[in-house]
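Trainee: Okay, here's what each chain looks like letter by letter:
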Amino acid sequence: MKPCRGNTPRLIALLDGSLAAEEADRLRSHLEGCARCRTAYARLEKTASLCRELGSQPAPELPWRKIEAQIQWRLNRPEREESQPRARASSWPRGLALAGATAFGALAAIALMTWLAPAPPSPAPARPLVRAAPSATRAEHAELAALVTLAAGEVKLVPAGGVARALVLTRPILEGDRLLTGPNARVGLQWSKGSGALLLGDSDAELRRLRSREQELVLHHGRVAAQLAPLPPRGRFSIVASGLRASVRGTQFAVALQREQVEVEVFEGVVEVEPTDGRWRAVRVPAGFTLRADGRSGPRPTPVSASGAPGFAFNLQPWPGLFQAMVGSGLMSVESRPEGAEIRFDAQPVGTTNLTLRGSVGRHLVELWRDGKLLRRQWVEVELNPGRIALDVEQTRPPTPRLPASVYEVFRRRAIQIQQCYERVLKAEPTLEGKLTLRVTITKDGKVEDARLETDTLRDPRVGQCALATVRRWEFPAGTSPVELVYPLHLRPRR
Amino acid sequence: MMKTALESCVSQSPIPTRELVLGCQKGERTAQSDFYQRYRSEVARTVHRVLGPDADLEDVVQDVFVEVFRSIEKFKGDSKITTWLYRVCVNVALQKIRRHRRRPEGYAVSDEELPPHHETPLRELERKDSARIVYALLDELAPKKRTVFILHEILGLEAKEISEIVGANVLTVRTRLHYARKEFYERALESRLHAAEVA
Numbered sequence: 001m002k003p004c005r006g007n008t009p010r011l012i013a014l015l016d017g018s019l020a021a022e023e024a025d026r027l028r029s030h031l032e033g034c035a036r037c038r039t040a041y042a043r044l045e046k047t048a049s050l051c052r053e054l055g056s057q058p059a060p061e062l063p064w065r066k067i068e069a070q071i072q073w074r075l076n077r078p079e080r081e082e083s084q085p086r087a088r089a090s091s092w093p094r095g096l097a098l099a100g101a102t103a104f105g106a107l108a109a110i111a112l113m114t115w116l117a118p119a120p121p122s123p124a125p126a127r128p129l130v131r132a133a134p135s136a137t138r139a140e141h142a143e144l145a146a147l148v149t150l151a152a153g154e155v156k157l158v159p160a161g162g163v164a165r166a167l168v169l170t171r172p173i174l175e176g177d178r179l180l181t182g183p184n185a186r187v188g189l190q191w192s193k194g195s196g197a198l199l200l201g202d203s204d205a206e207l208r209r210l211r212s213r214e215q216e217l218v219l220h221h222g223r224v225a226a227q228l229a230p231l232p233p234r235g236r237f238s239i240v241a242s243g244l245r246a247s248v249r250g251t252q253f254a255v256a257l258q259r260e261q262v263e264v265e266v267f268e269g270v271v272e273v274e275p276t277d278g279r280w281r282a283v284r285v286p287a288g289f290t291l292r293a294d295g296r297s298g299p300r301p302t303p304v305s306a307s308g309a310p311g312f313a314f315n316l317q318p319w320p321g322l323f324q325a326m327v328g329s330g331l332m333s334v335e336s337r338p339e340g341a342e343i344r345f346d347a348q349p350v351g352t353t354n355l356t357l358r359g360s361v362g363r364h365l366v367e368l369w370r371d372g373k374l375l376r377r378q379w380v381e382v383e384l385n386p387g388r389i390a391l392d393v394e395q396t397r398p399p400t401p402r403l404p405a406s407v408y409e410v411f412r413r414r415a416i417q418i419q420q421c422y423e424r425v426l427k428a429e430p431t432l433e434g435k436l437t438l439r440v441t442i443t444k445d446g447k448v449e450d451a452r453l454e455t456d457t458l459r460d461p462r463v464g465q466c467a468l469a470t471v472r473r474w475e476f477p478a479g480t481s482p483v484e485l486v487y488p489l490h491l492r493p494r495r
Numbered sequence: 496m497m498k499t500a501l502e503s504c505v506s507q508s509p510i511p512t513r514e515l516v517l518g519c520q521k522g523e524r525t526a527q528s529d530f531y532q533r534y535r536s537e538v539a540r541t542v543h544r545v546l547g548p549d550a551d552l553e554d555v556v557q558d559v560f561v562e563v564f565r566s567i568e569k570f571k572g573d574s575k576i577t578t579w580l581y582r583v584c585v586n587v588a589l590q591k592i593r594r595h596r597r598r599p600e601g602y603a604v605s606d607e608e609l610p611p612h613h614e615t616p617l618r619e620l621e622r623k624d625s626a627r628i629v630y631a632l633l634d635e636l637a638p639k640k641r642t643v644f645i646l647h648e649i650l651g652l653e654a655k656e657i658s659e660i661v662g663a664n665v666l667t668v669r670t671r672l673h674y675a676r677k678e679f680y681e682r683a684l685e686s687r688l689h690a691a692e693v694a
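Those sequence lines, one after another, are chains A and B.
Everything in the first sequence is counted per our numbering, starting at 1 for the first residue and increasing by one.
Everything in the second sequence is counted per our numbering, starting at 496 for the first residue and increasing by one.
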């Protein structure tokens, strides 16, 4: 039902009060006698009321934590566009070439391992974190991102076309990113369910391709290990180093590189190794064998028996998708003094201290082991914000046996003799004051075997000498074993 | 003028807005987090009102905050932070509308993802249905007219405030609003919005 001809704009103006008073009165009079206009005006009022009601609706509840994580991820993502040409090694800052040719001359090794696990196909990562290629085969070429699963020591990241900076562990690693590790450093990555890599110390590697069906890691220097879940049909993971390509679709193997000599050690399954220039046909290296070859020249190699080196700890996470893995986990730094204690995280060996680990949010059991002995065991709470636990291994040595009370009693009763040593010297030096710490070793039959001064801050050595001579004369109750005690004394004149 | 929800939100917060903004301008992670926590509901509400019930709010809220943190260093304090935030919300939403018009597929989010309201299911259904019709009508307006209409008719902002948000003078805003209202209400009279009543 439409209002009278030409009245709609006037009714709308009446609704918001913009109609002149006189005209508004005339229109209101008209409304009283015109059912069509009255109905139309009622509908307009209802619509306006509906709009206001929409404005008063409460804010929708959203997964705020997830959104915040996505925002932070996007803010930390390197500022590069798809169209931006990606600089390669030639554009690196000179200082970051990690010693360049010299580095190649040094001992270098790659290790690559894959596990053929009967895992279901990995789910597609969360939408905002996967940039799909605009082609019909976008699923095959969806760009992945990797999460840092563990890190130790100095690790630098060179984004494609960017400059080196310290690795931010909460930032995903993207295709084209290059990682450099310092001595004894390492960094673990994961990009899909059951698949990841571990870059070891003094290494330099680039994630040249990180797609759902194809991942390629170029090792410029150092050592890298990888673990892979079975890839989909036509999928391939490969490590390229010094003119050789080691490719797998789901096996376990290791490769070593020394002065352009590549060594491939296979732990499980079969690995195909071929030169990138095709000068010899691919060699299949089975489990338990190692292949050594010159990356740039040399004849087709033959596999030999492997050394049987132990595997690597990747600390791979449950993987419902990159985003879910990211927001469902946190980082925990595990430290000890001295460093080098083996860490077991929920009973799984993950490396040695000091190490930052990724773990799912919640309680985890951290154990420190050294030489096969458990030093410390502690429950820790992993939260979204990075946490830290310092487990002082030195303090975890068995405590010295508690001293018998009778030994202390002798000290307490006879301390007056040491006081007299002090007071004798004090007569000559009225301002003399300081601290004496005695370390006394007592045999099990109560004799003083040794007495030494740990500290002596008094200006006059006579007090300390007198105190030692006095203590050496003391006799203690016999015990079951020799004891050693440290006895501090603060000596100052009475005021 | 009555305080907007955004301003009420600010006044209850213990950290002064100025410090928060400064922290965000320095790129401090904690300041960004506090800023996000303080304004997220209002940003979501604003975006929700501008885009309607079928918008992919998660993505748009993300876009708004990413834009906020990337451009907050340009905020000189000439206007209230809330006004500036509205402006970012509106601009991001406008981009979304324009993109949506070019590529409407894949835009909608299922109702199941929207949070439940404390209403009877029937009333909730009617409300959603009406809201959809309103936003369908708004979709027919030019983006700029749509924006001023929503800011005025739905968010209840005055022309002066709208002019600061959209970066146009007050007269322009009033003109846009006049034509937006005319177009919208004329279409509303003929829409399904009152179909049940007619039946």
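Any given hint might turn out to be false.
[What the hints assert, rightly or not] Derived DSBU-like pairs (lysine-lysine); straight-line CA-CA distance at most 35 Å: (1) Lys2(A) <-> Lys46(A); (2) Lys655(B) <-> Lys156(A); (3) Lys571(B) <-> Lys46(A); (4) Lys677(B) <-> Lys2(A); (5) Lys655(B) <-> Lys2(A); (6) Lys639(B) <-> Lys66(A); (7) Lys66(A) <-> Lys569(B); (8) Lys639(B) <-> Lys2(A); (9) Lys66(A) <-> Lys571(B); (10) Lys66(A) <-> Lys575(B).
Just so you know, these hints were derived from the structure itself, not from any lab.
Trainee: Compare the distance between the alpha carbons of Lys66(A) and Lys569(B) with 35 Å, and conclude whether the hinted pair is satisfied.
Mentor: The hint holds at about 27 Å.
Trainee: Verify the proposed pairing of Lys571(B) with Lys46(A), using a straight-line Cα cut of 35 Å.
Mentor: violated (42 Å)
Trainee: For the pair supplied as a hint, Lys2(A) and Lys46(A), confirm whether the alpha-carbon distance does not exceed 35 Å.
Mentor: holds (15 Å)
Trainee: Please work out if Lys655(B) and Lys156(A) have their alpha carbons no farther apart than 35 Å.
Mentor: Violated: Lys655(B) and Lys156(A) sit about 51 Å apart, past 35 Å.
Trainee: Next pair to validate is Lys677(B) with Lys2(A); report whether the Cα-Cα distance is within 35 Å.
Mentor: holds (15 Å)
Trainee: For the pair we were handed, Lys66(A) and Lys575(B), check the Cα-Cα distance against 35 Å.
Mentor: Cα-Cα ~28 Å, so holds.
Trainee: Would you mind confirming whether the straight-line C-alpha gap from Lys639(B) to Lys66(A) stays at or under 35 Å?
Mentor: holds (31 Å)
Trainee: CA of Lys66(A) to CA of Lys571(B), is that 35 Å or under?
Mentor: It holds: about 30 Å lies between the C-alpha atoms, which stays within 35 Å.
Trainee: For the pair supplied as a hint, Lys639(B) and Lys2(A), is the alpha-carbon distance within the 35 Å limit?
Mentor: holds (28 Å)
Trainee: Measure nothing beyond the straight line between the CA atoms of Lys655(B) and Lys2(A); if it is 35 Å or shorter, mark the hint as holding.
Mentor: holds (34 Å)
Taken one by one, the earlier hints fail for this structure at numbers 2, 3, listed in ascending order.
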